[in-house]
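K.L.:
Could you put together the complete structure from these sequences and hints?
These protein sequence lines are chains A and B, in that order.
Residue numbering for the first sequence follows the numbering used here, starting at 1 and increasing by one per position.
Residue numbering for the second sequence follows the numbering used here, starting at 1001 and increasing by one per position.
Keep in mind the hints are simulated off the structure, nothing from the lab.
Heads up, a few of these hints could be off.
Now the stretches of chain A that chain B is said to cover, found in silico as 3 or more residues with beta-carbon under 8 Å [as the list claims (entries may be wrong)]:
| hint | segment |
| --- | --- |
| 1 | 96-108 |
| 2 | 146-160 |
| 3 | 202-216 |
| 4 | 256-269 |
Below, computed lysine-lysine pairings styled on DSS-like, alpha-carbon distance capped at 27 Å [to be verified]:
| hint | chain 1 | residue 1 | chain 2 | residue 2 |
| --- | --- | --- | --- | --- |
| 5 | B | K1170 | A | K239 |
| 6 | A | K203 | B | K1140 |
| 7 | A | K286 | B | K1154 |
| 8 | B | K1154 | A | K203 |
| 9 | A | K269 | B | K1154 |
| 10 | B | K1185 | A | K203 |
| 11 | B | K1154 | A | K247 |
Which chain A residues face chain B? A few, computed with CB under 7 Å, are given here [said to hold, decoys possible]:
| hint | residue |
| --- | --- |
| 12 | N40 |
| 13 | C41 |
| 14 | P167 |
| 15 | A169 |
| 16 | G195 |
| 17 | H198 |
Every residue, glycine too, gets a C-beta built ideally from N, C-alpha and C.
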Amino acid sequence: MKYFYYPGCSLEGTAQEYSLSTTALLAALGGEIEELPDWNCCGATAAESVSRLLCLALPARNLALAEKAVPGQDILVPCSACYLNMRRAWDKVRHDPATRSQINQTLEEEGLAVSGSTKVRHLLDVLCLDFGADAVFKRLQRSLAGLVVAPYYGCQCLRPYPVFDDPEAPSCMEPLIQATGAKVHPWSMGAVCCGASHMTTKKEVGLALVGEILDDAKGADVIVTVCPMCQMNLEAHQKKISRQRGKDLSISILYLPQLLGMALGLPEKDLGLKLNLGIAPGFMEKLRSPLMASKTKKADAA
Amino acid sequence: MIPEERPFVAPDKYHELEGVQKMLAACIQCGTCSGSCPNAFAMDVTPRTLWRMVLRGEKEAIFATRTFILCSSCYSCTLRCPRGLPLTEAMGALKQIASREGLAPYKASTRFYASFLDSVRRHGRVREGEMMSLYFMSMKNPLLPLQFASLGMKLMLKGKVGAPFPTRGKRPLEALFNKVMQLEKNP
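P.N.:
As structure tokens, this is what we get:
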């Protein structure tokens, strides 16, 4: 399976490890990716707060580039905000001819045009539906038994476009996690908002939202994410939130492909594990330990 | 919020409100949006009440609330609305008015959006370090960067953000940005 890879701006900067681990994992699973040439920023949530047309034209340019380069080849997008913007542009292009014509006028000068023939896919969609838990299980090199993993979906990979899972109670990460031998943390915060850019502009609100998520993750060893914004919000403010709430809420936060990559025995360097901001003491030892499987069996037997 | 910065509100300033009213015309005031909103706890007016204010055309009251600027685009309300209304989009449309008019109470957010897009316009892609410097400069608050210093240092030490000095860039999206502005002025 071959895809255009649209990393998006965060994955070139603060979320480098998400890009590294995504690339490494897909290669290990036998997926082929080719970076979309000359891609541009999707506009994130900034464009939609400034101009309706800009928030469609920016992502549409990427769709147009893909359509022109290899017609019919899906675009794989790991960032949920980029995914939503591109999916929305695709939706408008296909269903709203007046808007499509406006968008195409903005692309005209570059000799580009968009028709909506190229599909936009979130990384989680591709991992769940194109590869699936079996593909992970078959290539398992290290059992993660003993780890309890809280799957965090966030918002924009499933809302407002619930393409590959239930947006109210998503569960598609669970088979992937279970395929590694790890247990899924039962919780209700997997699809509740982390506050996105509130953490920059309205910090007290962002801290409150993330506090609730971290609190409900108690009992898990790690939260896995599929969005650079969620990841940053969950990992970067744990000390402050713990202080505010008067209890230790520190917990490791990994990108899903980092966790799956470890289970597949990929080198830690290829997964960018040194770049994470939130790794709790002792967690790496747990993640690396090949003995965990036998420990859990003993514990289960007892 | 600096009171003297509050702009004079001309009667026809928010003519775009009509577009938002159309989006919300079928609202039945059930309150599912308010009950679904993760940010409702921090809002002075709930989303349901805000929609009523929009439909009644209470322009000055709408732009005195902090409700729409607290929308984090999680789309829970949009998905659950029994009338299928584009509620997150309506919140976005109100943010767009606040951005365009430079309304004082919302500057912490609208200047962030503007700094983000400024960086995109310079390089085609956002440079996170540069975006934050542009934001600090636009906020003109010398203490603001201190709030981000610790995280900024961590990110720089990990090699995740580059030097935070704004650079000119090749402006590869200039034609697209210009055309968007032109079309939005004269559709």
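K.L.:
Next step is simple, just say for each hint if it's right about the structure.
P.N.:
Evaluation of the provided hints:
1. Coverage of a stretch by a chain is defined here by at least three residues with a beta carbon nearer than 8 Å to that chain's beta carbons; for the segment 96-108 of chain A and chain B the count is 5, and the condition holds.
2. Figure legend: the segment 146-160 of chain A, annotated as covered by chain B; annotation consistent (4 residues with Cβ-Cβ distances under 8 Å, at least 3 required).
3. Here the segment 202-216 of chain A counts 6 residues with a CB under 8 Å from a CB of chain B, which clears the bar of 3, and the coverage holds.
4. With a threshold of 8 Å between beta carbons, the proposed coverage of the segment 256-269 of chain A by chain B is violated, since 0 of its residues qualify and at least three are required.
5. Distance restraint check for K1170(B) and K239(A): the Cα-Cα separation of roughly 40 Å exceeds the 27 Å cut-off, and the hinted pair is therefore not satisfied.
6. Of the pairs offered as hints, the one joining K203(A) and K1140(B) holds, with about 18 Å between alpha carbons and a cut-off of 27 Å not exceeded.
7. About 24 Å separates the Cα atoms of K286(A) and K1154(B), which keeps this hinted pair within 27 Å; it holds.
8. For the proposed pair K1154(B) and K203(A), the alpha carbon gap of about 18 Å is at most 27 Å, so the pair holds.
9. The straight-line distance between the Cα atoms of K269(A) and K1154(B) is roughly 19 Å, inside the 27 Å bound, and the hint therefore holds.
10. Taking the CA atoms of K1185(B) and K203(A), the gap is near 34 Å; set against the 27 Å cutoff, the hint is violated.
11. For the hint pairing K1154(B) with K247(A), the CA-to-CA distance comes to about 23 Å; that is within 27 Å, so the pair holds.
12. A cut of 7 Å between beta carbons decides the hint on N40(A): the least distance to chain B is about 4 Å, and the hint holds.
13. Interface hint at C41(A): satisfied, since its Cβ lies 4 Å from the closest Cβ of chain B, which is below the 7 Å cut-off.
14. Annotation: interface hint on P167(A) holds; nearest CB of chain B at approximately 6 Å, less than 7 Å.
15. The closest approach between the C-beta of A169(A) and any C-beta of chain B is roughly 12 Å, which is over the 7 Å cut-off, so the hint fails.
16. The interface hint given for G195(A) holds, since its Cβ lies 5 Å from the closest Cβ of chain B, which is under the 7 Å cut-off.
17. For H198(A), the shortest C-beta to C-beta distance to chain B is roughly 6 Å, which falls under 7 Å, so the interface hint holds.
Comparing the model with each earlier hint shows violations of hints 4, 5, 10, 15; every other hint is respected.
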